[in-house]
Amino acid sequence: MENKLDFDLLEKRAAQKKALSRCVIYFFLVLWALMVLFPFYWMVLTSVKSYSSYNSEYIPSFFTLNPTLQNYADAFTAVPLGRYFLNTLIFTLVTTGLMMVVIIPAAFAFARLEFKGKHLAFTFFLSLMMIPNELVVITNFVTITNLHLRNTFTGLILPSVTSVFYIYLLKENFEQIPDELYRAAQVDGTSDFKYLLRVMIPISRPTLTTIVILKVIECWNAYVWPRLITDDPRYYLVSNGIQEIRENGFGRENIPAMMAAVVVISVPLIVLFLVFRKKVMAGVSRGGTKG
Amino acid sequence: MKKNSLKGWLYLLPAMLFLGCFMVYPLIDVLIYSFEEGYNSASQTYFGVGLYNYSYVLRDPYFLQAVKNTFLLVIITVPLSTGIALLISLGLNAIKPLKNLFQTIYFLPYVTNTLAVGLVFMILFKKTAYTDGLVNLLIQAFGGSSVDFIDGPYWAKMFVLCFYTIWVVMPFKILILTSALASVNPDYYRAARMDATGSFRVFHKITLPMISPMIFYLIITGFIGAFKAYSDAIALFGTDLNAAGMNTIVGYVYDMLYGNSGGYPSYASAAALILFAIVLTITCVNLLISRRRVHY
Amino acid sequence: MKVVLQNLTKRFPARSKKEKDVIAVNDFNFEIPDGKLIGLLGPSGCGKSTTLNLISGLEAPTSGHIFFGEDDVTRLPPEMRGVGLVFQNYALYPHLTVLENILFPLQNLKGKDRPGKEEMLEKAREAAKLVQIDGLLERRPGEMSGGQQQRVAIARALVKRPKVLLLDEPLSNLDARLRLQTREEIRRIQQETGITTIFVTHDQDEAMSISDMIVVMKAGVVQQIGQPQDVYDDPVNLFVATFLGTPPINVFDASVRSERLFIGEEPVLPVPGVKDGQVVAAIRPEGFVLDEKGPFSLELRRVEVMGRDTSVVSVHPAMRGVTVRSIIPSRQKGAVGGNRVRFSLLSEKVFLFDRETEARIRFDA
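Residue numbers (our numbering), protein chains in the order written: chain X, 275 to 565; chain Y, 438 to 733; chain D, 194 to 558.
Looking at chain X on its own, in the form it has when it is part of the complex:
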């Protein structure tokens, strides 16, 4: 009988220990979640406070009872936020589109076609993956300047098109499509191009979506290259726009308007992420690092 009592005690202790560790885990997880969310909350909160009430709060309040959308109106009128937005949209769409046109045939060639020098070419491509962007930006800057392409979309877009990594990712995916499909298509007299269009692209849709999403995120947040290549606000992207707003727009102290602009800029990607949550996370874990 004594034995049995002992068991009860052991069991109770084990349960207590488990409950305690649960609590500790949740506490820290919630803590980090707050750390992540707080800046977002703060920016939304600040963006709906009126300019005067924000500036009169020595101790900022954690909520506001009379939210205003005035700051959003200011954000779009006082600085050409709409223009930055449009520019970024054009830049993102054209760059991503062009990139797909370039990388799909390349990946197809590497994955499916047999030609002389293929392996050498592929090794060469792979070695380019190691080259940091910072090295090539310098010459690209000089090249684009000399071609008088500064402050043009062409200048913005062209050097941002290529990505060796995505060619590699896509090639790996293409290679997983069984050879038999290709053979069958050849027997049926399908041309390579038609095969690529009709068979490989539809089968690889998930990977293509992933690549598009990653590239869109990259383009939307692009800062360094656009900053180098544009000094005319008519061609600013959102990142440069936000920097411009910080340094010159609204007068330095209109923080609520600045936050409104930040919200507007942040929303599209967050929405994109929430909609394609699984795809984005899977894509990033397969091959994205920030930047």
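Everything labelled a hint here was simulated from the structure, so no lab data went into it. Ideal Cβ placement from N, Cα and C applies to all residues, glycine included. Certain hints may be false.
Result set (DMTMM-like, lysine to aspartate or glutamate): computed pairs, CA atoms no more than 25 Å apart in a straight line [claimed, not checked]:
#1 Y:LYS505 to Y:ASP677
#2 X:LYS291 to D:ASP306
#3 D:LYS305 to X:ASP282
#4 X:LYS286 to D:ASP265
#5 Y:LYS533 to D:ASP214
#6 Y:LYS533 to D:GLU252
#7 Y:LYS564 to X:GLU331
#8 D:LYS356 to D:GLU378
#9 D:LYS356 to D:GLU385
#10 D:LYS229 to D:GLU252
#11 Y:LYS533 to X:GLU285
#12 Y:LYS444 to X:ASP466
#13 Y:LYS444 to X:GLU449
Distance ranges between label pairs, derived from CB positions [unchecked claim]:
#14 X:SER295 to D:LYS303: 10 to 20 Å
#15 D:THR439 to Y:GLY520: 54 to 64 Å
#16 X:TYR332 to Y:GLU474: 49 to 59 Å
#17 X:PHE398 to Y:GLY520: 31 to 41 Å
#18 Y:PRO516 to D:LEU302: 30 to 40 Å
So these bits of chain Y aren't anywhere near chain D, every CB distance computed over 12 Å [claimed, not checked]:
#19 SER442
#20 VAL486
#21 PRO516
#22 GLN540
Chain X is already provided as a structure; the job is to place chains Y and D on it using the hints.
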């Protein structure tokens, strides 16, 4: 066969063109630039060839400041962010309810514009005439004295920069580590449980060895990423990083190229190549260590 | 150690409102005698693995009790139960050597239970020797064959002297030849150690060949418990009859009229004491005796020689399944020919079941 060869290259052509123009040529050119002394970008002339650019850059106090900042940033943020991400991932892996919600929240910084959210951090940390900023008010509430994190002492600025960098890189690390943890066969944990393995021993003897390849991957990419830090600093301290004393190596490269202090592609090239050499060396050292430590 | 399962039930809550709760184990009662080898047998999803997890403590029962000897261990966490568990995929730590893997459970011990270094090594070597892998102690699991890994897993489970040893599908990851060899090995190890051992399998051959007792399960419910031969010779229902035996038992739709069993229009066997009505008749392949004047005639398809025995493959309109398979000694195969083949039946190899409930209908042989 010959016709086929031609076709293959034809499919590659667009990619080759883009890569040739905007990657291969610049790569060669940057090397040339870095050895051309006294290059003038207006007249596109130079005096001679030599190592002068390198020695100039290496003696430039701004560059040395940037190197110091970058190294500090790397040494502080890489271990800290990897360690915290590991703890968070372990926590995430141990729970079921709300796991998805937490994962989604933790990933948010990845999809936000570094520059834009940097502004939020700036107003949280900055001291202005109107308000000391939320963080300083908190510090005061706990009895500390306030400090301007954005325009104040060096350590305070470095703290914000590190804090923001960690905030930004965390999503990627948490994502990688949670999927690494989730892919460990649960039977190992059940087997360990049957054998009454203590939780620390489970972590040390099973979890850690199982995910060690991913940890090393994160450390290597973390080093590379942190060495290229730039936009985080811009977001917090504005474009004139040299004046703020918070420049990074990449920032130095761009400043040499463009803006008020720009127009010196040769110096920029030399600095970029020095950075590349540093990153390459550290990556190789990392790989060597990981080869020895990750054994299966 | 005696293991007693008392009204053991495990219910998994439904994942959505549309689905029903899953009762993985339903009211399991069994007193496992000390030192025996028990086979838990059933098709996949029958609850046999859940039963194993309940005994190991990895899962908690919804109701019912588990006793080890006289101790109620129902709610004791697994690490305190002193149970050895061998996983289907072995779960050997890939980064540790064989020796380190076997030492692992010993190194977990704390306080006065913890043996000294030398003693640990000794125990590990002993366990390795028992499963005959003492020559491979420095290898890593990745460098070993499936059979060798299996042995390491068993050694790791045995090294801490468990009260009960549990094996989850121990042979399913091995190829056919290794499977035969390894099951003998499991039998030998069990007999040498005398540890009460319970193993789970979906392969009736495996369970029949080495178990002291088998438990046949279906959809969470225990169908029959007994010594393998007894269960084979005296199944309680159609499921057990069809699940045991290779080649499988032959099943016919049949009827009983005036205490005679009719398959088709032929009266094939007297069945005293059975009421008239529709039944299911199941006949073991070895229950057919070649007999020119026998009452049961079938359409002959082919004869398959398998060495010692010969398998006669035929068809019958009343059968369930593709063909009827009967086994006769090979020396009689000359007697088979033509389009039809006639048999008489051994009454102890013929089982009758209710059409609706599939429960056994007994008759006096």
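These are the hints, each one checked on the structure:
1. Annotation: proposed proximity of Y:LYS505 to Y:ASP677 holds, straight-line Cα distance about 17 Å (limit 25 Å).
2. Distance restraint check for X:LYS291 and D:ASP306: the Cα-Cα separation of roughly 22 Å lies within the 25 Å cut-off, and the hinted pair is therefore satisfied.
3. A hinted pair counts as satisfied when its Cα atoms are at most 25 Å apart, and D:LYS305 with X:ASP282 qualifies at roughly 22 Å.
4. For the hint linking X:LYS286 to D:ASP265, the alpha-carbon distance of about 15 Å falls within 25 Å, and the restraint holds.
5. Taking the CA atoms of Y:LYS533 and D:ASP214, the gap is near 20 Å; set against the 25 Å cutoff, the hint holds.
6. Note on Y:LYS533 and D:GLU252: the hinted pairing holds, with a Cα-Cα distance of about 16 Å set against a maximum of 25 Å.
7. Between Y:LYS564 and X:GLU331 the alpha-carbon distance is near 13 Å, which keeps this suggested pair within the 25 Å criterion.
8. A C-alpha spacing of about 20 Å is found between D:LYS356 and D:GLU378, which places the hinted pair at or below 25 Å, so the restraint holds.
9. In summary, the hint linking D:LYS356 to D:GLU385 is supported, as the alpha carbons are separated by about 14 Å, within the 25 Å threshold.
10. Between the alpha carbons of D:LYS229 and D:GLU252 the distance comes to roughly 23 Å, so the proposed pair stays at or under 25 Å and holds.
11. The straight-line distance between the Cα atoms of Y:LYS533 and X:GLU285 is roughly 22 Å, inside the 25 Å bound, and the hint therefore holds.
12. Only pairs whose Cα atoms come within 25 Å are accepted, and Y:LYS444 paired with X:ASP466 is accepted, the gap being roughly 10 Å.
13. Proposed proximity of Y:LYS444 and X:GLU449 is supported: the alpha carbons are some 18 Å apart, at most 25 Å.
14. Between X:SER295 and D:LYS303 the beta carbons are some 19 Å apart, a value that agrees with the proposed interval 10 to 20 Å.
15. The beta-carbon spacing between D:THR439 and Y:GLY520, approximately 58 Å, falls within the hinted interval of 54 to 64 Å.
16. Checked against the given bound of 49 to 59 Å, the beta carbons of X:TYR332 and Y:GLU474, roughly 56 Å apart, stay inside it.
17. Range check, X:PHE398 to Y:GLY520: Cβ separation about 38 Å, and the 31 to 41 Å hint holds.
18. The beta-carbon spacing between Y:PRO516 and D:LEU302, approximately 34 Å, falls within the hinted interval of 30 to 40 Å.
19. In this structure Y:SER442 is separated from chain D by more than 12 Å, as the shortest Cβ-Cβ distance comes to about 42 Å.
20. Its beta-carbon lying about 53 Å from the closest one in chain D, Y:VAL486 satisfies the requirement of being farther than 12 Å from that chain.
21. No beta-carbon of chain D comes within 12 Å of the beta-carbon of Y:PRO516; the shortest separation is about 23 Å.
22. Against the 12 Å criterion, Y:GLN540 stays outside the reach of chain D, whose nearest CB is about 20 Å from its own CB.
Checked against the numbered hints listed earlier, the structure breaks none of them; every hint is satisfied.
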